[in-house]
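Asker: Sequence:
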Amino acid sequence: MDYQLSILNSQFIRVAIVEDHKIVADGFERLINDSENVRVIGKAYSAAGCMDLLEAASCDVVLLDIGLPDIQGIDLCPKIKEKYPHIKVLMLTSYGELFTVNRALEAGADGYLMKSCVQEELHKGIRTVASGGRYLCNEVNATVQNSERKQLVFTRREMELLQLIAEGYTLAEQAGKMCLGQNTIRSYRQQLNIKLDAHSTVQLVQKAKELKLV
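According to my numbering, the residues represented by the sequence shown are 486 to 699, in order.
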């Protein structure tokens, strides 16, 4: 049997660890069980063992290693999602390259953790995906944001307007400060919304701050 099952009260967030190195799996189990409301329900050491474990026990979050002996975790993720759509998948890996992160998210992963993450990130990641959110650890989030920032190109005027919007100036005030007509300001604003995929002023400013544009 390529998995180890634990008995657990359902009042906790139930986590299954899928990691082919037993000593690593044991280490993460200790870190997870140190949390007040999260517990490990079992550990599996292969993709086959993972599916057997999920069949045997109720689970909320799978902490899934990318490098498994029988199938890559990225390829296992959609299989888990198809059979257990309620289960959240949090990737656990040593690979922080943007290509690998994007592949994991496209495969349906709800979050991405580096094995070098601190305990606080581990607990936060589990709670975030368990509640329906997406979680990227700090290292991976920085990589994604740097990539997004490089792909976006803003004109000097757009950056000037973005700063004024972030500072709370009205449309008329923005036009006055930039010595432009309000229709021109609206046109610049529309381009900013498109580039940042924003649908409101709050969302526009929030995304600009996340990308450290303002």
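Please keep in mind that the hints were generated in silico from the structure rather than gathered at the bench. Accuracy of the hints is not assured; some may be wrong.
Listed below are the simulated DSS-like cross-link pairs for lysine-lysine, each with C-alpha atoms no more than 25 angstroms apart in a straight line [stated by the list, open to error]:
(1) Lys-566 <-> Lys-600
(2) Lys-680 <-> Lys-694
(3) Lys-680 <-> Lys-662
(4) Lys-662 <-> Lys-697
(5) Lys-697 <-> Lys-609
(6) Lys-697 <-> Lys-680
(7) Lys-692 <-> Lys-662
(8) Lys-507 <-> Lys-564
(9) Lys-680 <-> Lys-609
(10) Lys-662 <-> Lys-694
(11) Lys-507 <-> Lys-662
(12) Lys-609 <-> Lys-694
(13) Lys-609 <-> Lys-662
(14) Lys-564 <-> Lys-600
(15) Lys-692 <-> Lys-680
(16) Lys-507 <-> Lys-600
Since the model is a prediction, treat every value here as computed from it, not as a measurement.
Asker: Check whether the Cα positions of Lys-697 and Lys-680 lie no farther apart than 25 angstroms.
Answerer: holds, 15 angstroms
Asker: Would the pair Lys-609 and Lys-662 pass a check requiring their Cα atoms to be no farther apart than 25 angstroms?
Answerer: violated, 43 angstroms
Asker: Next pair to validate is Lys-662 with Lys-694; report whether the Cα-Cα distance is within 25 angstroms.
Answerer: Holds, at about 22 angstroms.
Asker: Has the given pair, Lys-566 with Lys-600, been kept, meaning a C-alpha gap of at most 25 angstroms?
Answerer: Holds: Lys-566 and Lys-600 sit about 22 angstroms apart, inside 25 angstroms.
Asker: Are Lys-680 and Lys-609 close enough, with their CA atoms no more than 25 angstroms apart?
Answerer: violated, 30 angstroms
Asker: Holds or violated: Lys-662 and Lys-697, Cα atoms, limit 25 angstroms.
Answerer: holds, 23 angstroms
Asker: Can the restraint linking Lys-692 and Lys-662 be considered satisfied, given a maximum Cα separation of 25 angstroms?
Answerer: holds, 23 angstroms
Asker: Please work out if Lys-507 and Lys-600 have their alpha carbons no farther apart than 25 angstroms.
Answerer: holds, 14 angstroms
Asker: Would you mind confirming whether the straight-line C-alpha gap from Lys-697 to Lys-609 stays at or under 25 angstroms?
Answerer: Holds - the C-alpha atoms of Lys-609 and Lys-697 are around 23 angstroms apart, at most 25 angstroms.
Asker: Holds or violated: are the alpha carbons of Lys-564 and Lys-600 at most 25 angstroms from each other?
Answerer: holds, 23 angstroms
Asker: Is Lys-680 close enough to Lys-694, meaning Cα to Cα at most 25 angstroms?
Answerer: holds, 14 angstroms
Asker: Is the straight-line distance between the alpha-carbon of Lys-692 and that of Lys-680 25 angstroms or less?
Answerer: holds, 10 angstroms
Of the hints listed earlier, those the structure fails to meet are numbers 9, 11, 13, in rising order.
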